[in-house]
Structures are given as C-alpha cells and as structure tokens.
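Novice: So the chains spell out like this:
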Amino acid sequence: MKRHIVRIALTAVVAGALSSFGYGPAFAAGDAAKGKLQFVKHGCWQCHGFRGQGSVATSGGKVLAPDPLPWEAFSAFVRGTNRAMPPFSEKILPDSDLQDIHAYLESVPKTADYKSIPLLSQ
Amino acid sequence: MARGDSGPKVDRRKFLTGVAVAGAAGTVAPQVADATPAASAAAARLPSALPPTARTIAAETGTPDVPPYAGHGRPGSDFMVDVIKTLDIKYLPCNPASSFRGIHESLIDYGGNKMPELLTCTHEESAVGMAHGYFKVAGKPLMSLVHGTVGLQHASMAIYNAFCDRAAVIVMGGTDLDAAYRPPGVPTVHSAQDINGMVRDYTKWDDTPVSAQHFALSFVRAYKIATTPPYAPVMLALDAGIQQEPVNSHGQKLYIPKYVKGTPPQGEMGAVREAARLLVNAERPVIVADRAINTTPGIKLLVELAELLQAPVVRQRGRLNFPTTHYLSRGAPAIRQADVILGLELTDYWATVNGFVDNNEHGVGINESHIKPGTKLISLGTNDLMTKSNYQEFQRFQPVDVQMAGDVEATLPSLIEAVKSALTSDRKAAIERKIDANKKAWQKARENTRQLAAIAWDASPISTARLTMEIYAQIKDLDWSMAVESGNTSNWSRRLLPMDKHYHWTGSSGGYGVGWGLPAAIGAALANRDEGRFTVNIQGDGDFMYAPGVLWTAARHKIPLLTVMHNNRGYHQEVMHVQRMANFRNRVAYLGNDMAPLGTSIQNPDIEYHKMAESMGWWAKGPIKDPAQLAPAIKEAVAVVKSGQPALLNVWTQPR
Numbered sequence: 011m012k013r014h015i016v017r018i019a020l021t022a023v024v025a026g027a028l029s030s031f032g033y034g035p036a037f038a039a040g041d042a043a044k045g046k047l048q049f050v051k052h053g054c055w056q057c058h059g060f061r062g063q064g065s066v067a068t069s070g071g072k073v074l075a076p077d078p079l080p081w082e083a084f085s086a087f088v089r090g091t092n093r094a095m096p097p098f099s100e101k102i103l104p105d106s107d108l109q110d111i112h113a114y115l116e117s118v119p120k121t122a123d124y125k126s127i128p129l130l131s132q
Numbered sequence: 004m005a006r007g008d009s010g011p012k013v014d015r016r017k018f019l020t021g022v023a024v025a026g027a028a029g030t031v032a033p034q035v036a037d038a039t040p041a042a043s044a045a046a047a048r049l050p051s052a053l054p055p056t057a058r059t060i061a062a063e064t065g066t067p068d069v070p071p072y073a074g075h076g077r078p079g080s081d082f083m084v085d086v087i088k089t090l091d092i093k094y095l096p097c098n099p100a101s102s103f104r105g106i107h108e109s110l111i112d113y114g115g116n117k118m119p120e121l122l123t124c125t126h127e128e129s130a131v132g133m134a135h136g137y138f139k140v141a142g143k144p145l146m147s148l149v150h151g152t153v154g155l156q157h158a159s160m161a162i163y164n165a166f167c168d169r170a171a172v173i174v175m176g177g178t179d180l181d182a183a184y185r186p187p188g189v190p191t192v193h194s195a196q197d198i199n200g201m202v203r204d205y206t207k208w209d210d211t212p213v214s215a216q217h218f219a220l221s222f223v224r225a226y227k228i229a230t231t232p233p234y235a236p237v238m239l240a241l242d243a244g245i246q247q248e249p250v251n252s253h254g255q256k257l258y259i260p261k262y263v264k265g266t267p268p269q270g271e272m273g274a275v276r277e278a279a280r281l282l283v284n285a286e287r288p289v290i291v292a293d294r295a296i297n298t299t300p301g302i303k304l305l306v307e308l309a310e311l312l313q314a315p316v317v318r319q320r321g322r323l324n325f326p327t328t329h330y331l332s333r334g335a336p337a338i339r340q341a342d343v344i345l346g347l348e349l350t351d352y353w354a355t356v357n358g359f360v361d362n363n364e365h366g367v368g369i370n371e372s373h374i375k376p377g378t379k380l381i382s383l384g385t386n387d388l389m390t391k392s393n394y395q396e397f398q399r400f401q402p403v404d405v406q407m408a409g410d411v412e413a414t415l416p417s418l419i420e421a422v423k424s425a426l427t428s429d430r431k432a433a434i435e436r437k438i439d440a441n442k443k444a445w446q447k448a449r450e451n452t453r454q455l456a457a458i459a460w461d462a463s464p465i466s467t468a469r470l471t472m473e474i475y476a477q478i479k480d481l482d483w484s485m486a487v488e489s490g491n492t493s494n495w496s497r498r499l500l501p502m503d504k505h506y507h508w509t510g511s512s513g514g515y516g517v518g519w520g521l522p523a524a525i526g527a528a529l530a531n532r533d534e535g536r537f538t539v540n541i542q543g544d545g546d547f548m549y550a551p552g553v554l555w556t557a558a559r560h561k562i563p564l565l566t567v568m569h570n571n572r573g574y575h576q577e578v579m580h581v582q583r584m585a586n587f588r589n590r591v592a593y594l595g596n597d598m599a600p601l602g603t604s605i606q607n608p609d610i611e612y613h614k615m616a617e618s619m620g621w622w623a624k625g626p627i628k629d630p631a632q633l634a635p636a637i638k639e640a641v642a643v644v645k646s647g648q649p650a651l652l653n654v655w656t657q658p659r
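Protein chains in written order, with my numbering: chain A, 11 to 132; chain B, 4 to 659.
Since the hints were derived computationally from the structure, they do not count as laboratory data.
What you are looking at is a predicted structure, and each value in this text was computed from that prediction instead of being measured.
A virtual CB, placed ideally from N, CA and C, is assigned to each residue, including glycine.
There's no promise every hint is true.
With beta-carbon atoms standing in for the labels, derived distance ranges [claimed, not checked]:
1. A:D41 x B:Q340: 58 to 66 Å
2. B:T328 x A:D41: 27 to 35 Å
3. B:T328 x A:K125: 49 to 57 Å
4. A:G71 x B:P99: 29 to 37 Å
In silico BS3-like pairs for lysine-lysine, Cα to Cα no more than 25 Å straight-line [as the list claims (entries may be wrong)]:
5. A:K125 x B:K561
6. A:K125 x B:K256
7. A:K120 x B:K117
8. B:K442 x B:K561
9. B:K423 x B:K391
10. A:K44 x A:K125
11. A:K72 x B:K447
12. B:K504 x A:K72
13. A:K51 x B:K479
14. A:K125 x B:K375
15. B:K447 x B:K504
16. B:K447 x A:K46
17. A:K125 x B:K117
18. A:K120 x B:K207
19. B:K628 x A:K44
20. B:K443 x A:K72
21. B:K264 x A:K125
22. B:K264 x B:K117
A short, non-exhaustive set of chain A residues, derived as facing chain B with CB atoms under 10 Å [as the list claims (entries may be wrong)]:
23. A43
24. V50
25. W55
26. R61
27. S65
28. S69
29. P78
30. L79
31. P80
32. A83
33. S106
34. S117
35. K125
36. L130
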C-alpha cells in the first residue's frame, strides 16, 4: 500500500515537472463535450456515476467531480493504480481520450450547499 | 406409503370432536411435574443458572397425555391440516402441483383456507422468497409447498438465501415414494428417493414422514427447530400416499404434539463477564452488528449497551440493528480505530477486520488487516451452533479472543448487566467524558453525508440519493417500512433516513442470490399490511426479471406495496467485473451497442417495467428520467398504495 502511494506520488511529481517545462498544457487541453462521451465509452461511469459523483459501493466513496484531481495526479492514478480500481493503459484509453475525460470532469458544475436543498436540509 | 389399507371409517362429527379435544388438551401432565421434589428444591436455591424444572423436562421428553385422535378413516391430509392449524402459520404461498394435491384440497376445503391462507404464486422461488421477507418483518415463519423435484429445484436458491440470512421458513415438498403404486409418467419423474437431499446442505433439519402420526411429530418438531435461534429453513418431504390415503394409526393413539417454544441459547456467563471486562477497559471499543437484531426491543438493548460503553456501532447489511439517528452510529472506518471489537452475529468476521483488494487478473488480490495489532476481538452469535460443510457461507476463518455461542438478543441483557458490574466509578467517568465528542463526530459525519448526497442532485438518470429522499418525503408521516432494497443504491437509505425500528430496514438476502428482492418485498409488505404499515422497496432491475410473476401474486391477494425501480439497465456488479478483467488483460471491453461490456446490459430494448406491472394488475407509471417528475409521481403512487393496491414506478437511475 505504502509503496504504491509512493509510486503514484512520484509519477505525479514527474508529470508536474514535465508540465513546468512546458509540456503540461498539451496534456490537459481536452474537449469536455467529447469527454462526456468518452467517460461512458471507456466505462468510467460504471463505478463513478455519469457525473463522477462516486459511490461508497463502487469507488470507496471517492468523488471525481466536481473539483477533479489536477491533470497530472489524475492521469498518473489512472495509468498506475494498483488498488481497487483497475489501471487503464494508453493502449485501451489513449491520452487524448483521457484528456477529454478530465476536461469533462472539470466542467461539472459545483454542487449546491445541501442546506439549500429542502429535502436534504430537513 | 402403503396403499389400499383404508381401515375402518369414522364419521365426521366424531372426527371433529377428536380434533377439538386434542387441540384443547395438548399438554403434558403438568400437575405431576409441579409436585416433584426436584422442582421445589430448584425454587428454593434460586441459583443464577436454573436447571430445567420437572415441568420443562416433562414437556420436552414426556409422552403427551392426550386423547386418541379420532381421525381413523379420514384423508391423511385432513389430519395434516389439523396439525398445521395448531401452530401460528398465517399464510402459505405456493405454486400448485400434483404431488401435493391431497393437502392442497384439504387446506382449502377442509381447513377453510385460514391459518394458513393459501397465496397463489407463479414460481416456487417467489413463494419461498415471500416467506423469507415475511419473517424479517413479522418474526414468524410461513410455510410453502413445492413440487417434489422440479419445484424444489425452483425453490432452492430462495431456501439458500433464507439459510444464509438465518430466516425461519418451513418448506414441504410433495413426492410419491411408493414405486409400485404411484402413477407412471410425470408423477414418477417428479419423485425421488430423497428430495430433501437437494437442500440438506442449507436447511437446519429435514425429515420424510412415512405415516400420519410421523407427520405430526415431524411438523411440530420442524416448526420448533426453525423458530429457535439460529433461525433457519427446515424441509419436510410430503409423501403422496400419506396425504391421500385414509389415516391409519395402526391401532395406536393418534395425537398432535403440543408445541412448546424453544428458548434461545445464551452466551456462557464466564465468557460474557470476560467480554464485559475487555469492553469496559477499552479506550476505543467498537460494536459491529450484522444479522443480529430481529426486533425493535432488541435495537433498544443494543442502544443501552452502546451508550454504557460510548462505543460506536457499525451496522452491516444483515439487519438494521441500530438506529441511524443515534449519535453512536458510525461507518466501517470506525473499525480501524478500535482496540476492542464486539462482533454481533457477523456473517463474515474476517472481512470485518481485514480487506481484500481485487486488483489483478489472477484473482488472488491483496489481503490486508484493517485493525491495529493487539486489537481484542469478541464474537457473540449463533454461527457455531449451526455448522454445515459444503456451502461456504461460513466464510473465512477468523480467530477471536472471546467466542460466545449464543443469540444476540437473548444475551444482551446479561452482557449489559455484566458491563454495569464491571464499571468502576473511574471508568464510568472516563467513558462519560466521550459523550460530547461522539455527538460532535456524528453531527459532522451527518453533514458530510448530506453534502455528498447533494452531488448530482439534478442528474439524469436520477441519482440514488435523490431517489431515496424523494421517496421519504412522501412517506415520512406514515408508519413506513423500507423493507427491501435490491440492487445497490450506495446505502443511501440507511445513511439519510431516520430509522429506529426493525422493520424500517430489514436487511439483505443473506446469500446474495439474485431474484430475491421482489418476492421478499411482497412478503414483507404482507406482514406490514397486517400491522397497518406502509411498505416501499427500491427494486433492482436485474433482480426484478428473475421471477416477475410475483407481481401478479401481490395484485391477486391485495398486498399493498410501493415498488420504485432502481433501473440502471444492467447487471451492474457484472458490468464492473467484466470491465475489470478487460483492464487487467489490457484489452478494450467490447460493448456491442450497449453502454456496458457485452452480456451485462439490460437494454436494446429497454424493458418497460411499468407495463409489465400494469399487465399484472398494478398501478404503474414510467419511465421517469427527470428528477423533477419524481415527487408528483411518488405522491400519486403512495395514494394508490394507501388504498390497498400495489403500485410501481419505473425510474431510470444512476448505476449505484
């Protein structure tokens, strides 16, 4: 577990470093509309819901959106996860599709305060 | 069994007189028992653990002093009905079959179709599933009749679920044992030497009576065994010969044994005191409860124990166990902080304190501990009292420090008293200092949960959190029961709704055999109907399609139930499994024209569940995809159900 977290962190650091050398923007310049379709095509919705809301039953309660992880950490996790979520290699999920997916998650609007929703504020 | 020996005829008046006398006098020489020296001595000493009194010994072992049953010459199945009527069995859901035609006719014509009332089912799995759901609410067993071989095969998954869930159900399977005289063809194909063998691995007890008297002994015994913890299904083979032939008592007294309710087993007091000592001296005790509490008074007992210890309570999926509104209610992460864990009737103690990460293509995965080294583990439950070998429902072995074999609800009073006795003033003060922090932690967790529920609130398909709260908004002023949830809705009902009665949420199927949800919900609704309660279930689409004919049963017998479809258009667990395998093997999962890997979706075409329900006599509406349409539709459906009819809403939902 600890070794795995270190590996993801290192990957994120490397990705961050690449970004600082001018490679970053190209990685994250996705198309949100396409990403919404890719999110379904590649099966992300299965565990994370169509809005990335997650579930205690399928994503350990983790919420993808709104406020997704920064691109570097996001892509590093998707490529390198060795926990409950299976990894997606570039062969089965190309970078361009992953960028679109990230853009889609970034486009998900902020959640309202639950106190503003009558059914939840009771 | 033996045919052709009809014996002398007995007129009906004498027969009925005999029945009445047998029912009234079904007792075992109590006046003799009370007079014994052993009883007097026991009363004088009053030790903490009383030996059985002479009355109890006589009741359990003596020969009943009842007049002979004047049933000679009557059909054997009439006598069976008399036996059944001495017990508290209100309904009999079943699918008709030739192998039990004798008792079927006796039930409706001789027995007047009361106690039990026959409910027509279109599948044996539905019939037993209904009995399972009924038990979870009513705490009483129903019986079901199934066709010996093929009917029992249909029923077997539902029996397995009831076994895994520790639910009492009485199953009787028609068969025709006499190979020399039984009809050739289908009745012979549908008979077997030992039909019970098919379900012996997941029933608590079974028998094959070969005479009317044998049936009486075995039926009362079966009822007693099923309803004494650990609760479980029991099975009786029902020979066609003894149903249809005239009663032949072979010159002996024919009688109906008296039913004496069995007492539940309690944890041994030495172990109870040791458990109390560990809990009282723990800094971070945690209670985990699974299929532990079957009654609302039992929930109050667990609240008393938790408050004495200021121990968070983690509710697993077997029963409600603990109020969702109580400040000591917690999620599973609390287990990681514990220094002492009290596990109550845990289906899987290993997986309670360990984890398995399914993270590679070979399926081996990672096993990892979720608790700190040195954490003391205490177990209270009946698992050790009912061991079978073949089916692996007993789960992976987990060593514990204190093992108490006993029923949770029966043992809790002793454990509470032992905890009170072990509490010094210092420990009591230290524990009471936790109250404020525990209340604040609960309030914070509650707010976090509600904020999570707000995510995707306006999404289409509709979020399961929104679905849950929209339902609750329409039923909150009723005496309601969210009896059964099939298909996974991320536990939103237990996370969001105020539940403090056992019937507010009755728990899972036990064996996770799919197809259980709809019949169990209808069985639960049947029990709730008799108590004037409103029943709702959130119904998975995959589960629905196994035996949807049970919809007709609900309409036919006017069982009011609101079914709200959790229609995510797939076998969602399998959706994720196939995707996982594809990823591990570095392959793109083939979807065909569906959303999910081929073979896991339920779409193209989409099933119109509302039309299915309508065709079987339900009020129904759908598909509902816009969350704004939910409230008015649910309101309309609730009004229908309150009028006594079942109603269904077909709602398209997020996957979980």
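Novice: Hint by hint, say whether it matches the structure.
Specialist: Checked hints:
no.	hint	verdict
1	A:D41 x B:Q340: 58 to 66 Å	44 Å, violated
2	B:T328 x A:D41: 27 to 35 Å	46 Å, violated
3	B:T328 x A:K125: 49 to 57 Å	19 Å, violated
4	A:G71 x B:P99: 29 to 37 Å	48 Å, violated
5	A:K125 x B:K561	40 Å, violated
6	A:K125 x B:K256	73 Å, violated
7	A:K120 x B:K117	59 Å, violated
8	B:K442 x B:K561	44 Å, violated
9	B:K423 x B:K391	37 Å, violated
10	A:K44 x A:K125	33 Å, violated
11	A:K72 x B:K447	18 Å, holds
12	B:K504 x A:K72	31 Å, violated
13	A:K51 x B:K479	39 Å, violated
14	A:K125 x B:K375	37 Å, violated
15	B:K447 x B:K504	24 Å, holds
16	B:K447 x A:K46	33 Å, violated
17	A:K125 x B:K117	52 Å, violated
18	A:K120 x B:K207	54 Å, violated
19	B:K628 x A:K44	23 Å, holds
20	B:K443 x A:K72	23 Å, holds
21	B:K264 x A:K125	51 Å, violated
22	B:K264 x B:K117	22 Å, holds
23	A43	17 Å, violated
24	V50	6 Å, holds
25	W55	7 Å, holds
26	R61	4 Å, holds
27	S65	4 Å, holds
28	S69	9 Å, holds
29	P78	13 Å, violated
30	L79	16 Å, violated
31	P80	19 Å, violated
32	A83	19 Å, violated
33	S106	15 Å, violated
34	S117	14 Å, violated
35	K125	8 Å, holds
36	L130	5 Å, holds
Violated hints, listed in ascending order, are 1, 2, 3, 4, 5, 6, 7, 8, 9, 10, 12, 13, 14, 16, 17, 18, 21, 23, 29, 30, 31, 32, 33, 34; each of the other numbered hints is respected by the structure.
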